[in-house]
Every structure is written in structure tokens, then in C-alpha cells.
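Enquirer: Whenever a hint applies, use it, and build me the whole structure from the sequences.
Residue numbers (my numbering), protein chains in the order written: chain A, 82 to 352; chain B, 69 to 604; chain C, 1025 to 1339.
In short, the hints are calculated from the structure, not lab data.
Accuracy of the hints is not assured; some may be wrong.
In silico DMTMM-like links for lysine to aspartate or glutamate, alpha-carbon gap of 20 angstroms or less [to be verified]: (1) Lys481/B x Asp341/A; (2) Lys1150/C x Asp341/A; (3) Lys339/B x Glu318/B; (4) Lys175/A x Asp397/B; (5) Lys169/B x Glu1234/C.
If the Cβ cut is set under 7 angstroms, some of the chain A residues that face chain C in the computed set are [what the hints assert, rightly or not]: (6) Ile87; (7) Leu196; (8) Val205; (9) Gly209; (10) Leu281; (11) Gly322; (12) Ile325; (13) Leu330; (14) Asn333.
All C-beta atoms in this analysis are idealised placements derived from N, C-alpha and C, irrespective of residue type, glycine included.
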Amino acid sequence: MRRNLILGATLSSLVLLAALISFVWTPYDHAALNIPSKLQPPNSQHVFGTDHFGRDMFSMIMVGARTSIAVALVAVGIGMALGVPLGLTAAARKGSWLDEVIMRGNDLVFAFPSLVIAILITAVFGAGAINAIIAIGIFNIPVFARITRGAALSLWEREFILAARVSGKGAARISAEHILPNVANLLIVQGTIQFSLGILAEAGLSYVGLGAQPPTPSWGRMLADAQTMVSFAPHLALIPGLAIIVTVLGLNLLGDGLRDWLDPRIKVARA
Amino acid sequence: MRLLQIENLSVAIHGTEILKQVSFSIDPGQILAVTGESGSGKSMTALAVMQLLPNGAKTEGSIRLEGQDLLNCPEAEMCALRGASIGMVFQEPMTALNPVKTIGDQVMETILIHKAMSHAQARERAKEVLTRVGLPSDQFSLSRYPHELSGGQRQRVVIAMAIALRPKLLIADEPTTALDVTTQAQILDLLKGLVEEYGMGLLIITHDLAVVSDLADRIVVMRHGEVVESGATAELLHNMQHPYTRMLFEASNHQVTLPQPPQPRPLLEVKNVVRDYRLPRKRLFGVPGQHRAVNDVSFTLNRGERLGLVGESGCGKSTLTKAILGLADVQSGEIRLDGKPVFSGHTPNRDVRRKVQVVFQDPYGSFNPRHRVARLITEPFYLLDAPPTGAERQDRIDEILAAVGLSPNDASKYIHEFSGGQRQRIAIARALIIRPELILFDEAVSALDVSVRAQILDLLAELCAAYDLTYLFISHDLSVVRTITDRVLVMKAGRIVEHGETEQVFSDPQHPYTQSLIQAAPTLPEIGRSMAKPIC
Amino acid sequence: MLRYALKRLISLLISLVVASVVIFAVIEVAPGDPASFMLGVNAQEDTLAALRAELGLDGSKVQRYLTWVGGMLVGDFGTSYTYRTPVSQMIADRLWVSLPLALYALTLSTLIAFPAGIYAAARRGKPGDLTVMGATQLGIAVPNFWFAMMLVLIFAINLRWFNAGGFVGWDNGFLAGMHSLTLPAIALALPQAAILARVMRSSLLDILGEDFMRTARAKGLSRRQALWRHGVRNALIPVLTIVGLQFSFLLAGSIIIEQVFYLPGLGRLVFQAISARDLIVVESVVMLLVFAVITVNFLVDLAYAAVDPRLRSRT
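Expert: Encoded structure:
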């Protein structure tokens, strides 16, 4: 089953590469208006065609990949940086009030889907990429806290942890030395999945105008712009959509492939 | 015609040979035991009869049930045979039952799936067989769920399911391995009684030679997928042909000679220790109940002495172990090591901790799979104020690995490169490396095959001589405790019910509970024992 | 059982209280005064004060929180800053679109996912399984609003089977209403069904490896009988969690999908309210969504107990 890993890694690195190259080179200036050549379907000059302002779609997709990846990556980072320590702590103090508070807090955040968090944040602070990151990131915290706690709890039952305790090691040291390395695979796999969910969430938020604001290009807003023109210029909707699908599919395959490769027993939470 | 006739059965799974040319047969009313160590293929033989081998299995040879060829039997016909003509009982009663269905439904299902009776009749039959296996329906209603029963009771339900349609052949795969010794004796009696009453053939698979010699009419000894020896029980025991069989019997009753303990000087003093656990509330605002896991336990362990602690599961021995290790505080009483309390206030005392180490049961779960052996066995150095470094550390590692019979090269390997017995040696190395005053062996040889267990017992005897070990050996296995300890404590329901010199307690138990334990434990016949070579 | 339910109920109430405090606090820190926003920069101080009193913006924070929560308990969600109409009425109108849409989608998603997941698990590793898994892999990757646009392009614009957007209203009959919600419901349901089918499959595969499945086979049940009689119900336990979570995703997802189909649901209401800085509407809609999510999870917890006797008797 190495096929998933290879295909996933290929698709993901393709998108990542496009995003990186866009910093130094794009076929056209992604923001340059060129009204005379507007709404061209894909052709030899513009491989992905042009939009209603005559901007080159390929360049916009490349730059848009930057936004998507940055938002999703930072959001996963927030989720891991806060969720993993919380999960480790909750597991180390299983059954205590601290565990109870952390888990109930998690449930509470789970009751606010990321879109609802985004709505709250934008209602108060206005829309923008930063707020989208925060909204998706907050939602990632309980995901990581929960899976870390679950995996850590079963590790705490293992005899090698008892042996470490007999050697006088405290909960913090055991968590760092014994628990964390043994949940690392799980976190890598789940991180990949959350990355792909982050891409989807970012696209959704920008589509409804709660994500990155113009002039920063983003795939979600390209789709929002395309909506009124989909009947006569379907490529405007098809191409950003396919970009999202390829990225998410690549990351999901990468996640599954990594799981099969690292440890097939890992359970991935998809929600 | 034989009830079950297996001829030249070979099984390969994805190209790996699991069984090679296995042949044996069972007659009605006969008990045949297949025995051997792990990896011998004994369970696969049972699954082959049931035609429930894992995917990718290829079979050759023949298995005949009353002449009917099972290997070439279509799946639909096999379904009709399973449960009706062949019943099967599994090792793990805790997981063998569906947790979301009542025991009545599960027993009735055997009957209903074969359309053997009407629903009402099936219900009556379910009541009848459950009563027969010792779960009378006035106490154990059909509407009970598995989680409401103990392990032994669940195994009775599994047996009831298997015999509900009075099969001609019953297969029992390690049916008592997961059970306590007194429960084991009851379940074995039940199986024996059912064989006599119904005239079934019983194919029992077990690693326990004492069970085998007590119960079986015929014995088949297997190793690496092959039958090494088989024959009628009495004959085989008197005249073992194969060296492996002899080794197996010798190892099962392995005796070691411990050096004389020194003059009694107290090391560990346990005084009136009590430990309660809160039970979940029964009613919403009710007062939560208390379970007294350890009840007023007192004993002394002298320096250089080897003390045994025996008892069945749930008797409080693991709670006591944790308290001595300083992993869990006690409600009242006191535990002192070398005169100092294990707990000062509510925090474990570091000075005491470095004097005690532990070896656990599970050779697979006792090590962090991501660390190398050198790091694993030096973990207790954390307890030292000035842990050895550099060359000194390396010397300690080399020395201790050599002491447990491993090579210094093993220090750079990961734990998955070792077998179960080797892992237990590494666990002993980890416990020994800081030269603790006291070592706890918590069921330390229970998960090992008999031949490996014998080697580890020998190692312990050697280490006793070389390092003047003091240990507390916690085990449910009476025969092991008998040879590896000087004194023994018998624990039941949180209390020490009997204590004394090991040989004295075993040969002349005073407390009724000790008597029942020793009575229930299956013993190897003298003939097996006489084959054992003396240990020098 | 009763103890279990009561315990869950208490935890539900605590969650609701904490959630309402969080929402109230977030809205409180919003910069700007709604009254001056509404009346413009030149408003007189006494007019502003009067408006603040009318909107319930005077008084201490604690007082205002209690007024808000107390009002919600009796169905009074306050008065919209922009429309000057009761928020409860605005929400009620929109809820009649959003809630049926979410339920419609949940039903579709479950109806597709359960059979697909069971089918795939029963044929593990065979072509049928690989096909289902491939399809779900794709389904997970498709953003629902893009899928919605494609559905509009194909079924509304090209085939003209459905309207491209808008909602005919329930006054035109149940079927007409459902008809105009069908494309949005499919767009919402399919990606969720892909996730649910995968969860169902992996949960069932876990169960198939359990000891009691082998016991069932040893009793004489065929593979299929064992799967249906012993596998599915046990596999449902983790699947139920996901179904519960999905409801919240569908409700939130419907906010986006409503934009694609121009449906007059809660989503439209919220976005209008955000642009008009009508914070009381945002506050109330968010609270309502959170209430729905927490309540559904409470119901899922109760459903657990119905499926799993171990939970019933533990308490």
C-alpha cells in the first residue's frame, strides 16, 4: 500500500512547489488587469484561462496556494502547540479536576464549529486571513488534545511507564520522554489530515468573505467571484475547485500513506 | 469410524508453513489434549478443524468428522456443522461474548441459527444448558449481559453456547488459561463431566502440562507445527520418547536451589496497611461505596530473604505491590524500607525509592519501543544523585548485561529485536543496575513459555548467589513460588490469610483457603517429576 | 440509566451556560457602540441614551447578560438593531429553511454512508471495497460549496431539473419545498457521507477482528449473518459520535451552502447582520447554533446508552 504514500506525496509537493515558486516567478503578474483578454478559456497563452478582469488564472492559482497553505499550516501549528500539551496534561492527571476541565473545555470548543467561530470573530474584529487562521486554529486545539489524551491514556497503562515511575520520574518528564515519542506518529498522521481540513475550511471562509481579503488572492474567493459567471465561463469555477480537490486529496492520501507506513493501527479522527 | 481423524494436515498462511503433516484422531467420549509452547501451531490445528483459518491459509491433507471430509466441505455445509456437530470454546472469556447482547440471546442463537427448535423450545434449552454449566436461571437470568458476569461465569456461558446442541466434538482452546486456579479446576471438572454425560469427543488445547496429565486420555505434543510425540496419557508419561517432550515436562516442574538466607534482619516492614478504593455511586445521590483492596496487611521481609506472595486475581496483591513501590499511597498503616518510610507525607521518598526496583509480567509492554537497550536499562540511574557517566556507565551496562546472560553488543539494539525470554532478562538487568536492596517480581515469569520460564528461574537462582538478592515474588503460579522462595504469604480478599516457610505451607497448609488453592492446582504426576534432572 | 441521563443533562446545562458567557463576552469586546453606529456621528446624546435604553444597552454587563439569557429562556432574543423587529421572529423564519435543510442532508448522508460503509467492510480488499474507498477519498476532498456550484451548473442551468437558487417556501406544499432544498441537501450530504462511510467501514472492520465475531462463526453463523447480527450494532457505537458531530457541521455548512443557492436561511441572516454590525442578531444566531450542537451531542450520548448495555448499568 505504498501507492497512497507516493501519490499523496507527489500531489502535495506539487502544490507546495507551486506556492514556493510563486514567490519568485509566475507566468503573469497575478494582479495585473487586462480587460481586453478577459474570460478566455484555457489556451496556449493562458493555460488555465483568464478571469473577468483578464487576470491569468494560473498565476492566481499559484499565489492562492500560498494563502491556503499558510492559513492551514499555521492553524495546524496552533492546534498542535496548544492541543498536544493539553492532551498530555489531561492524560497525566487522568480523573483529576484538571483533566475534567480540559476535556469539558474541549467539548465546549467542539460545540463551536470553525465557521461559527469565524463568524463570531469577524463580527467583532472584521474579516481577514489572521482571523481565519485563529478560527481554524482554535477548532484544531480540541482535535489534537483529544487524540493525544486518548493515545497517552493507553500508554500510561503500559508497564514501561510504571518502570519509569519506579525510577522516580515525574509526570512531566515521563510525558516528554516516553509518551510524546510514542504518540508522534499519530500526531504526524492527524496533522496531515487537519492540514487538509484546514485547506477546505479556509476555502469555505474566503468563499463567504470571512477569509483573506482582496488583493490577497485565495481559491475560495476566486470561486465566489466565479459564481455569477459559471453558466458562460465554467472554467472560472472548475479550476480553483480542482486546485482545492488536488491539494486536499494529496494531503489525505499522504496521511493515509504515512499511517500505513508508520503504524497501521493508528486511528485517524475525521470530523 | 473415528469421530475426528486428522491425516497429514499441512497449513500455510501466505506461504509460511504453520502446520506440517499433523495427524491424530479422537474417538467419541475421549479427551485428547494437544500441547506445546507458543508457536507450536496447536491453536491453528483447532481453527483448521473449524475451518476458521485466517484469510490466505492453504490446507493440505485431510480432516474427517465421522468420515465427512471437512477440508473440502462447502462453506454453507460447514456453517451447518459448526455449533451443531462441533462446538468451540475460546481462551478469552472476557472478549468472547458480544457485549451488547444478553447471555440468553447468545445461547439461544446457537439453537436458532440451526433452526433446531422453535423459539420457545430454544429458550427452555438455553435455560437448561446454562443451569447445566452452573448458571441456574433463578440466579442468572437470561436477560443478563456479559459485563455483569465474572470471567469464570462468562466462560460457562461460552461453554453453554458450545454445547447447546450437544455437538459430537467439542474443541476447547486454552479454556482456562485466563482464569484463576480455583475457577480453572471448576471449569475443567465441568468439561470432564460434559464429556462423560454427552459422550462427546473433546479436543483440548493447552500449554499447561499439569492440566494435560490430569485430564486427557491421549496427548499430542507439538512443536514448530509438527507433532513430536503422541500417545495414551499414562503410556506417554511413563515412556517419553522425544527429548523435547522430556524437556517440556522437566521445565514445567523446574526446581532450583537457592542459597541459604542469612540471619533474619528486617529490610521491608509492612504494618497494618489499608488501601480503599471508591466505588462508583450506586444511586445518584447515594454515598459511594468503598472497596477495601488491602485490609490490615502486616509482614516483614528480611534482608537476603526470598518471599513469595500468592493469591488469585483481585486479592489485592497488585495494590500492595504499588504501595511498596511508592506508586500509590495507602490510607493507613506504614511501609518502611530499611527503617525509612516509603512515603514521607504524601510524596514518595526518593532515598527509599532507589533501594527498590521491579520486574513486571509483560515482556512486551515493559519497554519503551523507541529507546535502545542501553537507555532502557539505565533508566533507574535517574534515582541516583551522581549517576555514572562515560566509561563507568558503559562498564556498568556491560557488566549487568553479562550478568543476565546477554552480550554487551545488545546494548545498542532496540527491544523489538529480542524474544520474550530475552526481554525478561533485560527487565531484570534494569532492576539490578542500581543494585537495589529489594526487587519485586510482579508475575515476572507468568507470560513465558515453560522452557523459557525454567531458564529465567535458573538465572534468578544464579543471581541470588552472585548478588545476595532480596526479593518479593508475586505470582499466582504455586509451583513456581514453591521453588523460588524461602517464605510465602497467601493473600485473599485483601488479607494475608496464611504465612510461613514455603515448604511448610505447601506441604501442610493450615488455612482452608490455602488448602483449596493447593487442592485446585493441577499437578504433574510423579513420573514427570522423576524425569527431571537435578540442578547443580 | 436515569443517573447516566441526568449526569449528561447536568453537563449539557453547564456547557450551555459557559457557551453563553463566552459568546456574550466576545460580543462585548466588539469595538464601537451600536447606538451611535445606527444613528450616525451627529446624533444627540439624549437620543443615543434613549436608543440604548430601548435596545437594552444600558446597565452593567452582568445585568445585560442576565437580561439576554433570561430573554432567550422565554423565547425573547431581543430587538434587531437594524430592523427594529424581534430577533426571535427573524430567526424563526430562517430556521424553517436551515433546520429542514440540515436534517434533509443528515438523512441523505446516513442513508448513503451506512450501506456503503457496511458493503465496503464486508468486501474488504476486494474491488467493491476499493471502489467505495476511492469514491469516498474523492468525496472528502471536494469542498461542498464548489460541489454545489457544479450541481447548479449541471442540474439547474443545463438540465433545468431544479431551480438554480431561492426557496419557494413551505406555503407551496411540502414536496415543492423539499424540491427546492434537494440540490443544497445533496451538496451538503455527499462530502459528509464520504466521511461517515469511511468511519462506518473502519469501525466495522475493528469489530470483525473481535473475539466474539469468531465465537459467532463457531456457532455456525455465516460471515454475513455474523456481520449483521453481531457486527453492525457494535460498530454503531463510534459511528454515532460522528453522526452527532456531523449535525453541527451540516448546520454550519448550510450557512455556506445557503450562499450558493441564495436560500433565506440563518446563514444569510448572519452575513447581513455582520455587514450591518447588528451584533444582537449575530449573538443570538451563534448561541442558537451552539445550543443545537450541544443538544444533539446530548441526544447522541443517550443513544449510546440505548445501544450499549455497559453504559446503562454502569450508573
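Enquirer: Mind listing which of the numbered hints don't hold for this structure, in increasing order?
Expert: The structure conflicts with hints 1, 3, 6, 9, although it agrees with all the remaining ones.
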